[in-house]
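Chain A is fixed; fit chain B onto it per the hints.
2 protein chains.
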Amino acid sequence: MLVSALLTSLLINSGLCVLFFTLYSILRKQPSNYEVYMPRLLAEGESNTSSIFNLERLIPSPDWVKTAWQLTEDDLLSSSGLDAVVFMRLINFSLRVFLFAGVIGVFVLLPINCSGNQLQYVDFTDLSNNSLDVFTISNVNNGSSKLWIHFVAVYLVTIFVCCLLYYEYRYISQRRTDYFLSSKPQPHQFTILVRSIPVSAGSGVSEKVDSFFREYHPSTYLSHIVVRRTNKLQSLINDAKKLYTRLIHLQSDPNQQKYKRSSCFGLFGRKVNLVDHYEKKLEDIEENVRLEQSEVSLAGEEVRSAFVSFKSRYGAAVALHLQQSTNPTHWVTEQAPEPHDVYWPFFSSSFLRRWISKLVVILACILLTVLFLIPVVVVQGLTNLNQLEVWFPFLTSVLTITFVSQVITGYLPSLILLLFLKMVPPVMEFLSSIQGYISNSDIQKSACSKVLWFTIWNIFFATVFSGSVLYKVSLFLDPKNIPSRLAVAVPAQASFFIAYVVTSGWTSTSSELFRIFPLLWSLIKRPFTASRDTELEVPGIPYHSHTPRILFFVLLGINYFFLAPLILPFLLVYLCLGYIIYRNQFINVYAPQYETAGKFWPIVHNSMIFSLVLMHAIAVGIFTLKKLSLASTLVFPLPVLTLLFNEYCRKRFLPNFIAYPAESLIRKDRQDENDPTMPEFLDELISFYQDPALMPIHYSGSSDRLNSPLLSSVHQAQV
Amino acid sequence: MLVSALLTSLLINSGLCVLFFTLYSILRKQPSNYEVYMPRLLAEGESNTSSIFNLERLIPSPDWVKTAWQLTEDDLLSSSGLDAVVFMRLINFSLRVFLFAGVIGVFVLLPINCSGNQLQYVDFTDLSNNSLDVFTISNVNNGSSKLWIHFVAVYLVTIFVCCLLYYEYRYISQRRTDYFLSSKPQPHQFTILVRSIPVSAGSGVSEKVDSFFREYHPSTYLSHIVVRRTNKLQSLINDAKKLYTRLIHLQSDPNQQKYKRSSCFGLFGRKVNLVDHYEKKLEDIEENVRLEQSEVSLAGEEVRSAFVSFKSRYGAAVALHLQQSTNPTHWVTEQAPEPHDVYWPFFSSSFLRRWISKLVVILACILLTVLFLIPVVVVQGLTNLNQLEVWFPFLTSVLTITFVSQVITGYLPSLILLLFLKMVPPVMEFLSSIQGYISNSDIQKSACSKVLWFTIWNIFFATVFSGSVLYKVSLFLDPKNIPSRLAVAVPAQASFFIAYVVTSGWTSTSSELFRIFPLLWSLIKRPFTASRDTELEVPGIPYHSHTPRILFFVLLGINYFFLAPLILPFLLVYLCLGYIIYRNQFINVYAPQYETAGKFWPIVHNSMIFSLVLMHAIAVGIFTLKKLSLASTLVFPLPVLTLLFNEYCRKRFLPNFIAYPAESLIRKDRQDENDPTMPEFLDELISFYQDPALMPIHYSGSSDRLNSPLLSSVHQAQV
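Residue numbers (my numbering), protein chains in the order written: chain A, 1 to 719; chain B, 1 to 719.
Treat the hints with care, since some could be wrong.
Calculated pairs, BS3-like style, for lysine-lysine (alpha carbon to alpha carbon, straight line, at most 25 angstroms) [said to hold, decoys possible]:
# : chain 1 : residue 1 : chain 2 : residue 2
1 : A       : 651       : B       : 651
2 : A       : 651       : B       : 184
3 : B       : 651       : A       : 208
Rather than coming from a laboratory, the hints here were simulated on the basis of the structure.
In isolation and in its complexed conformation, chain A is listed as follows:
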């Protein structure tokens, strides 16, 4: 790829970014877009919803940048929880890494690469006609002693990243403990989920649970609630809920048309009072729900799982950590998620069934990864103009136009890839959800790892090797030669990945700000629905699609910083954009849906370690290729030390991300002893884990609708 192609891509994307920023600055001020750009503020009733028109509304203003910039970590913690803090620290961490690597890369390595002439001399008179490869390590002369500077850079960056990782892990671990110690009593701290309860023929699950815990945990056991199959009920209740919201809006909004004609597209027929009509319908559904509820409660719809609550956090932890039964596959205990985080639809019961479904999902993931290679290979063909002309000869004339060819090589491939990748997070989330996780947060965490490895495999490895695979399939299955193959293939794709950072990275971040799909969706549905017909839903940030994306760019940065330092400025721009934009979104758009208290960080840590080791493998290969075998030998200790460092961190910090230690639990329990509200809290503790589908509903004819049990329980759970 030529420099000019990169410049074209750069121009397009900068333009897009500026456009998005400007549009956002204007559109966010239009009241009709509030539910797209500040649903969170809207839900909290904090936005100024005055719809008075003034000129200021049409002038783009950057005040939101200032607000986002000034947000402190503590503010973020109190408003969006520890997970948001961890997410922002990831960006912060990456910024620091690439500032350090960027200084080394741009001011030391880049001049060295340019000064070589292995490929060609740099043509300083017409920079844009140079191939991007002259800025990579490939241009340094073979065996040149200047490569030792690259070697030192590899060591320096590894040490820097490891130190930073250590401090970050320690900091977040500390934050997690502080968060726990300062938290109010929460139901999930006192509760565990017990699965695979062995049931003999005559007795029910509930009696069994009660007798077991009364026998073996008499001093701490409080109560329990058995999980039931409620899939059918749930859909009924959803219908009722929709109807109810519609009804509320009808009643509260005086401008709303309250009558419709009963037939023929609302044109003819008798006028019907809409409110009465809906009330009638709602009553019918509620009757159905009640019937179904009593059926579920009576009949054998019990799942062999139960939420069991204890009088203290310590009691719950003891029951959690000790193997309960002589058969370890019975009475399997698990931390209970937050009540509003429970994923009800899928409660597969038996130990064996969950285990098998897990295996099936793993298999499905592997299959998906393999099948995904096909579109990626096709897309990569597009970067290769000659290939394209061979496949589609009729395009030859078009492709000779410089601009077209530049767009195709610099922009199109990344965009197509981006669209394909958009589909991956939801698919992975679905796969995780049928894997047997019991909470949305676990599902997203698992999906996060899946998406990450998927991205690394399908974007990085497939791109790096596909150019080669086309003519070197036979060498692909030879693990010993991977470093040398990486050394050949990875620098060759430097220009693709630089373009990828610009197109995919910049565009995805600014489209995140602009919220292009929600905006389109809102524009489309606006003419068809009444303005407040549907309840405003504040979205949660989908960590499982955003975290892997950032981690992947970090992986690119770490691997290319010494091969093609030119990637670093673009990455820094990407991270700066992300820094501001995500802060803004946390303030205005996303509300926390759950609180894992930083459990995403171990995924980040593992990904960083993997990036480092991959970088070392490439370094070994490249120094061998560049005929500096001493350097390639001296790189060997690095991956070993990095892995040992990782092992140490696993022992030192990871346990704190799995469960809280006895020390914290007991200290917290003692604090509560003086709390006068505790008895009340413990009394209603287990009711938090009542399946929402089984709560009595009485929307219809209810005088004080906003305090209906369903809504209030949801409200309670979120406190």
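Below, chain B without anything else, positioned relative to chain A:
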């Protein structure tokens, strides 16, 4: 190797076995050998030590075989503990597997192999001149449909072994629970070891432990004892102990010479009363010990570890399973071993130091494994007569003698290998002991795994590939082709391994019966020492050398049963010998040194699974080689299913082998509530974990010497 060579080896070894059996039957009846052949009975005072000579003593009698045969599992359990039962069940298990495989192998596969003519027709007129290879699968014609019978055999044996493994795991798991539930209160059930205790400058370890557990486990904490560095003390005490035993014997034996001349080889000089002389010396040492003891107790010789005891088993388990501190590398808890099982010499304290020493030991093991290949390769050269003649031309004349060449090819290689291997278990035990394990049982368990993998790697893989490595080094580093390389190399070594079973297996078992080294040692030292000068030490069975040996033969059996079924009869003889001999040794020789309650079984299980998967890899290779690619494809599900089965067993049974479940612990604690001896037991609980080196000693001038605290504490601990 020709059949005749195997027959020669068979003859020699059968002769040796018969000789050993006969000699044993005679020698065991001589009172002077009682301490070699029945130390256990002697120590228990059950042996008939009458030294009246009669003719019967010179006639070999097989009555011990009958006694060993009649021993029931419950008898074995009560006399030698669950570990011995598990060991015997391993032999039992192997017998059942090879009876099943043997019927298939000898009556179905062997005739098929002989009927082929891929290598040569079987010369039935002169069987002994046939190569052993005609009995292997290599002789079946390529692509022959008869190979499907081998395929079915592979499936049948895998299913049979897996079923048996499942039932055995379940049975032993059940036995373990029963054993726990029927056991008397034991100190290690109530105690945990706490390591890496964080100590601030001013305070001691002891106060820290006390305040920590009083704070966080107030209701269950009982007491604690801090571990101290006592290496120097231990050697002093050993001296005192030796002197004391000598003194006791002097006093108790009226025939003993009680005087010696004070100088010049006891010929001239003043007569000295030996008893007084020893008493004096003993007093000096004891004075030293007391000085050193007070020094250790006062000065900062505290290790940052402590044994902490609790009022109930459940309390100890809770403290064990919960992470105690917010820093997971502090207050690291571990199950306490039995008091007499504690390995005192090495108590490295800090988390980091133990971790590093573990890494160093792993590295040392790998190095040892690699360096060991050199003698093995040399030894394997001996089987190759042509090779030998090339290396040592002067031997040519000798090697032409049929008998010599047969001995060399059939017998010598295995014998040399055997001697080399004798050194491995002690070395591995030493490596495990510096790895930071705190009990002899853990050390032996770890050494057991090490020796097993060492044996598999250095005997199986090195033998299989060394013949090939000599001319095919380049192919060695190619993991993808391992099945096909195994398929070529493994059958080629069939004759070596058949000979190996006969020489190494048979000889090692019968020399185990004959106890050749202890016998020689006893014969050598007898003229130099007074008959009862040293205390009789009852040995414990070294599981870490016996278990891996049996497991290795099982691996050979499983891998060769369909390649060279001829190995199976020899293996069955080996196992039958082992069955009788080990039972006899458990009755007469070995006393239990510790009780892990069957924790060796998971090692056995893993080894079996590995054997199966290796067998499948070979099967894949061999069916490809034999041009029956459909069969080789159809074998693929087997290793996957076997590994899944293993994974299921890990989840279903393994947790029970790591710790006891809450259910059992609480049931046991409730039983004890009614036990009137419990308060007394709890009172002296922690004193069991007093380092023996720190106990007050007063041998000298003690009136009732046999009740000296040292001996009585040892006695107590063994109860």
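### Task
Would you pick out the hints that fail for this structure and give their numbers low to high?
Number 2 - this is the single hint that the structure violates.
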